[in-house]
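Using the sequences and the accompanying hints, generate a full structural model.
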Amino acid sequence: MKIFSLESRELRNFASHSNQSLGRFYNDSPLQFNRTEFQRDRDRILYSDAFKRLKQKTQVFFKNHSDHFRTRLTHTLEVAQLSRSISRYLHLNDDLSESIALAHDLGHPPYGHAGEDVLSNLMEGHGGFNHNLQSLRIVTFLEKNYPDFEGLNLTFETLEGIIKHNGPFEKNSDIPKYIFKLQEKYDFELFKFPTPEAQVANICDDIAYVSHDLNDGLKSKLFSLEEIESLPLIHDIMKANSSILMKHDKKVFI
Numbered sequence: 010m011k012i013f014s015l016e017s018r019e020l021r022n023f024a025s026h027s028n029q030s031l032g033r034f035y036n037d038s039p040l041q042f043n044r045t046e047f048q049r050d051r052d053r054i055l056y057s058d059a060f061k062r063l064k065q066k067t068q069v070f071f072k073n074h075s076d077h078f079r080t081r082l083t084h085t086l087e088v089a090q091l092s093r094s095i096s097r098y099l100h101l102n103d104d105l106s107e108s109i110a111l112a113h114d115l116g117h118p119p120y121g122h123a124g125e126d127v128l129s130n131l132m133e134g135h136g137g138f139n140h141n142l143q144s145l146r147i148v149t150f151l152e153k154n155y156p157d158f159e160g161l162n163l164t165f166e167t168l169e170g171i172i173k174h175n176g177p178f179e180k181n182s183d184i185p186k187y188i189f190k191l192q193e194k195y196d197f198e199l200f201k202f203p204t205p206e207a208q209v210a211n212i213c214d215d216i217a218y219v220s221h222d223l224n225d226g227l228k229s230k231l232f233s234l235e236e237i238e239s240l241p242l243i244h245d246i247m248k249a250n251s252s253i254l255m256k257h258d259k260k261v262f263i
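The sequence shown lines up with residues 10 to 263 when you count with the working numbering.
Hints in this document: simulated from the structure, not taken from any laboratory.
For clarity, every value in this text was computed on a predicted model and none was experimentally measured.
Even glycine gets a Cβ: it sits at the ideal position worked out from N, Cα and C.
All the pointers check out, no bait thrown in.
Simulated restraints on C-beta separations:
1) Ser239 to Pro156: 53 to 61 Å
2) His244 to Thr83: 22 to 30 Å
3) Arg62 to Leu131: 13 to 21 Å
What follows is the structure, encoded as structure tokens:
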């Protein structure tokens, strides 16, 4: 198909080619509109109920504090944009990176990591709670939008990116039972690093939240620019833009 020949022309040999995907858990309907397998993953995540719920979930600041602070949804979109841009620059499969980025926080509860801590304490006698594992449960079981299967029936490569969001596992005792169950269908090679596209998405998650948490912190006046200007990267940026900062009284960064 034309879409695959275009992909092969643009992608590096070590990139993930969608026509070489290891497949899905369940047989699926034929692709339409010249979409690739990873584009289908992206679209199913985007239209899922779990993705819609991200708009009301806290990143750091409550939404009623201001309309201009990040939510879990805007954070996810920023991670997806960074992932797509960097993957395209590196000639990786940007559709796969985007899919993993869009799915990486689907399992996050309300109230950010504080909410996760409360849930984990409440579920202590039942295995605790981890938002990465919950994201996996959502896309493999909890979403009920399709008559022929539970979950979103995503490709092996997208699932691997979600499973290894924090990198490979170090020992068997670190692997949740739910992931062992998925291993019955696919060998995710849990002690190995995921695809380059997944690694890009993981790094972009860190880039996004560090950058926007600083920005939101400045806007909220939680700390001042003077308090962080000694940080190496911030210092270099301010030094390079010293004339602009003096003209605008440093407000250009807030």
